[in-house]
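Enquirer: The lines below spell out each chain.
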Amino acid sequence: MATILVNGVRREVQAPADTPLLYVLRNDLELSGPQFGCGLAQCGACSILLDGKEVRSCVTPLSAAGSKEITTLEGLPARWAQQKGLSSAEAAKTLHPVQQAWIEEQTPLCGFCQNGMMIKATELLEHNSSPTVAEIKDAFTTSGPSAHLCRCGSYTAIIEAVQRAGREMAKGGNR
Amino acid sequence: MNPSNAQVSVCGATLTRRGFVQTGGALLVGFGLVGAKNAGAAASKNSLDASLPESWIEIHPDNTILIRTGKSDFGQSTTFTAYRQIVAEELGARFEDITTVVMGDTDRTPDGSGAFDFLGSGTPNIRKAAAYTHQALLDLASQRLGVPKTSLSTKDGVVSGGGKRATFGDLVKGQQLKLTIPVKGDLTSIMGLMVDGNPPLKPVSQYTVVGKSFRNSVTASKVAAKEQWAVDVRLPGMWHARMVHPATLGSTLVSVGALDRTKFPNAQVIVKGNLVGVAAPSEWEAIRAAQQVAAATKWKEWRGLPGHTRLFDFLKRDADWKTTRVTKSEKSKDDVAPALAGAPRKLNATYQLPFMKHAPMGPTMALADVHKDGSVFIYTHNQNPQALRGEIAQMLSTSPDNVVVRTFSGPGHYGRSNGGNAGAEDEAVLLSKELGRPVRVQWMRPEDFQWSTQSPAALSDVQIGLDAKGRMVAYQIDHYMPAMQDDRPIGAVLAGLPTMPAPNEKAVFIGSTVNDIQDPWIYDGVTNIVERGHGTFQVGQKSSPLAVGLRDHSMRTPGQFQQNFPRELAVSEAAALAGADAIQFRIDHAKQERVVNVLKTVRDASGWQTRATRAQNSGAVLRGQGISLMFRSATYWACVTQIAVTPSTGAIKVEKVTVAVDPGIVVNPMQLKRQVEGGTVMGVSIALLEELQFDESGITSRDWRSYPILKMADLPEIKVVLLHRPEVGTYGGGSEAANALAAPAIAAALFDATGKIARRLPLKPEYVQALLKA
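Chains as they are written, first to last, in this note's numbering: chain G, 78 to 252; chain Y, 2 to 775.
Be aware that a few hints might be false.
[Said to hold, decoys possible] Cut-off 20 Å, straight-line C-alpha distance, at most; resulting in silico cross-link-like pairs (SDA-like, lysine to any residue): (1) Y/46 / Y/103; (2) Y/657 / Y/715; (3) Y/712 / G/248; (4) Y/227 / G/171; (5) G/214 / G/244; (6) Y/720 / G/237; (7) Y/601 / Y/613; (8) G/170 / Y/613; (9) Y/654 / Y/758; (10) G/248 / G/208; (11) Y/227 / G/105; (12) G/161 / Y/225; (13) G/170 / Y/227; (14) Y/657 / G/236; (15) Y/774 / Y/650; (16) Y/156 / Y/208; (17) Y/156 / Y/207; (18) Y/765 / Y/698; (19) Y/347 / Y/590; (20) Y/334 / Y/533; (21) G/214 / Y/720; (22) Y/712 / G/244; (23) Y/712 / G/119; (24) Y/273 / Y/448; (25) Y/712 / G/208; (26) Y/657 / G/210; (27) Y/185 / Y/123; (28) Y/720 / G/170; (29) Y/227 / G/118; (30) Y/712 / G/221; (31) Y/654 / G/212; (32) Y/213 / Y/728; (33) Y/712 / G/210; (34) G/170 / Y/221; (35) G/214 / Y/715; (36) Y/774 / Y/620; (37) G/145 / G/95; (38) Y/601 / Y/623; (39) G/161 / G/200; (40) Y/299 / Y/497.
Don't read these hints as lab results, they were simulated from the structure.
I would like the entire structure built from these sequences, with the hints used as guidance.
Expert: Encoded structure:
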């Protein structure tokens, strides 16, 4: 039995300690944001934030979570609400600016990789809300265990959405 | 008048008006199967009865509308945007009135077919269904309002005329219309059913919904993690499974490794012929148990493949091109050899394309639930659920009536499952049947590279003759490509269960080794042409004891990519031989106004330098420009690439890609732009990076390191120019083709930059470096 902190809530799980977090999140906690793309930390589809840092849940064992805070795609709205001090009523109807920008820009094609793309964008924009195109390309290509891959080719739309989200985050919200 | 017996003829369809209907008065449109081969099938168990009201479009008393389509959206956005726009337009409703799109489920949608050619060269099934429904609404309103039909019109969900009006919702209250419309085809075949007849379509000049950038309604749920993807479906009592696939593409099973029960107390091993699966209640146990069993399982050795380094020698010298009939394009003359022989200047060249992977971001998976009564439910992500239904029924020697396929969102397949399966679906069914519980089979990343189908390799011999003025006077091309469409479910093959035959020369269309001409000739100024297609069996298929080898499947712009690359690169070479600018050379050989227009548009938009000579270039980085042209699915495409080559490393950086696209009517500019951008990225990836690696036994590309695709750092600037041509009257396709444009334009740009011709893909640094040294 392990207790982990996921999207602000303590959760008890029965899975063996070596189980990759991806399977714990998807199967035990029914959080379907992170996707199984490769199981090899080569694509980014399974990304989550661990204390605000993007990691690949497919190769991160349950035991590595410890007391660190896990944020999944499901937890992005609450993360934003907390950062902005929104009331719970406001928070309930608010998407994270990254998610909202992904809609505005119609970024996903099939959308399977976009969990990792939005997690990566959140990590980037929490440190730099007005990244240049070169900084965005670096973040999505070289800053993590591997590049974040999109087979549908949505990279242009991702860059546009990251920039839009950054503007909204700098302004303080998208409501 | 007794409404229950009224029959009206609507544009060849039979319209029967019925009185009060217990189910509450939705206007339901059903389609009869006049002339259909399997007229009984669509009306049978677990299908929508095409002759009863439930199939395509429901108009509800609250003015909302539901549409159903057998086409599954795989990221094209078409079913959620273009289809809603088209139906709204034909009905005279608002886009927002169409609140529900039901797609892909075999028991809930009417027409089947694959996730390709969504816009049906301008008249997809759903457009005709809507047009018929519009007529039915006008008839109903005419009777209700006492106004002649010809005086009525529809707008924003309201029928009005003669000073009277009624909402669609008012009209359908207590009423039901039954339309019987001629439909042809075979529901569980790859093409599904097609709506027949020619209902009057709304004049394009009156469009108010088509042409606007509506959002994809499924995006919000995907972005907010609220979408139920196929990978998310769970059933009570479900077990997870992993497969233990053979050691090679020709290995039969010697012995199955024993399961270590001390480590995996709950797991079970299932063996059926050469099919081995390991299942367990928890996914992690299934994964680890399968790894343990795989390590201890013994397979016969097999070496029947040439390996990718010898591939083109094999195709040229050893492959059997004689058994399969040679095809010829319609525009082909009998013989252009004399014209070629007489030409003062000639190009004579061979072009090669490697095997490539569809490479979806998520490995294939399916959840199957085989009930005790023999009924089968499959929950998956599939481009042709009705075809899968037929294949599963065949495997189990049962009727398609007993099989239901439900389709959920998933990773793009790019054609891999448009023949019904992508892998795992059949295996999940077999394991569920054995275990008597729902089983979810998820392939791991290496399996998805090593056991899925590929886009076939190809080679083409081209000869172009130029006259003294540098005009093309003769063109001959011979395309060679192994069979492209192997729709046999691999689990069924391994288990020795019934499937369609392996690709062969006698098959018609699907599973045929025949290589049809897919790339229409559009240089109409040149009529002295011969285009031939030569086909053969899949590589390794004949020698593999499993009859599999390198299984192929159509991938985005299938066949046409393999034929357009050599043509377009050869035409660019011919332009250089003629001492002409590559775009002007094309314009000078074209006659169709839309071809010329798309070329001029891309020239203006891209910053193309019009010049009759190569780029004047020297230094550490050489820059060049290239062009390509294609006609596909009623759409004209032209693409310019500008690249920078670093001779010291051989690295190519694609700096800018400009695509001009003329589909006739642009249904949704924003969605089309995103599709073209995406296809362009895939095209650059194919050009620079992608080549299936395999040895004598099997595929050695097993992950994203051994099969790299383009990363964001290498994204070029992409400029998309949409040519909206409403006067054309139809809408062409926009998802495919874009991925095929970049490669011939990049190779042409490499030639422009360096004077060296790269006639095979991918343009990896070591290949480019070797060319530059040669």
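Enquirer: Now tell me if each hint is right for this structure.
Expert: Hint check results:
1. Y/46 / Y/103: Status holds; Cα separation ~19 Å.
2. Y/657 / Y/715: Given pair residue 657 of chain Y, residue 715 of chain Y holds - Cα atoms ~11 Å apart, limit 20 Å.
3. Y/712 / G/248: violated, 30 Å
4. Y/227 / G/171: holds, 14 Å
5. G/214 / G/244: holds, 17 Å
6. Y/720 / G/237: holds, 14 Å
7. Y/601 / Y/613: holds, 16 Å
8. G/170 / Y/613: Violated - the C-alpha atoms of residue 613 of chain Y and residue 170 of chain G are around 60 Å apart, more than 20 Å.
9. Y/654 / Y/758: Answer holds: residue 654 of chain Y to residue 758 of chain Y is near 17 Å, not above 20 Å.
10. G/248 / G/208: Measuring from Cα to Cα gives roughly 15 Å; hence the hint holds.
11. Y/227 / G/105: With a Cα-Cα distance of about 17 Å, the restraint between residue 227 of chain Y and residue 105 of chain G holds, given a limit of 20 Å.
12. G/161 / Y/225: Measuring from Cα to Cα gives roughly 19 Å; hence the hint holds.
13. G/170 / Y/227: holds, 14 Å
14. Y/657 / G/236: Judged against 20 Å, a Cα distance of about 16 Å means the pair holds.
15. Y/774 / Y/650: Holds, because 11 Å separates the two Cα atoms, which is no more than 20 Å.
16. Y/156 / Y/208: holds, 11 Å
17. Y/156 / Y/207: Distance of about 11 Å is within 20 Å: holds.
18. Y/765 / Y/698: violated, 25 Å
19. Y/347 / Y/590: holds, 17 Å
20. Y/334 / Y/533: Roughly 10 Å between the alpha carbons, so the hint for residue 334 of chain Y and residue 533 of chain Y holds.
21. G/214 / Y/720: holds, 18 Å
22. Y/712 / G/244: Given pair residue 712 of chain Y, residue 244 of chain G is violated - Cα atoms ~25 Å apart, limit 20 Å.
23. Y/712 / G/119: Answer holds: residue 712 of chain Y to residue 119 of chain G is near 12 Å, not above 20 Å.
24. Y/273 / Y/448: holds, 19 Å
25. Y/712 / G/208: holds, 18 Å
26. Y/657 / G/210: holds, 15 Å
27. Y/185 / Y/123: holds, 18 Å
28. Y/720 / G/170: violated, 36 Å
29. Y/227 / G/118: Violated, at about 24 Å.
30. Y/712 / G/221: holds, 13 Å
31. Y/654 / G/212: holds, 18 Å
32. Y/213 / Y/728: Holds. Residue 213 of chain Y to residue 728 of chain Y sits at ~17 Å (cutoff 20 Å).
33. Y/712 / G/210: It holds: about 14 Å lies between the C-alpha atoms, which stays within 20 Å.
34. G/170 / Y/221: holds, 13 Å
35. G/214 / Y/715: holds, 8 Å
36. Y/774 / Y/620: Holds, because 15 Å separates the two Cα atoms, which is no more than 20 Å.
37. G/145 / G/95: With a Cα-Cα distance of about 17 Å, the restraint between residue 145 of chain G and residue 95 of chain G holds, given a limit of 20 Å.
38. Y/601 / Y/623: At roughly 25 Å apart (the allowed maximum being 20 Å), residue 623 of chain Y and residue 601 of chain Y break the hint.
39. G/161 / G/200: holds, 16 Å
40. Y/299 / Y/497: Holds, at about 18 Å.
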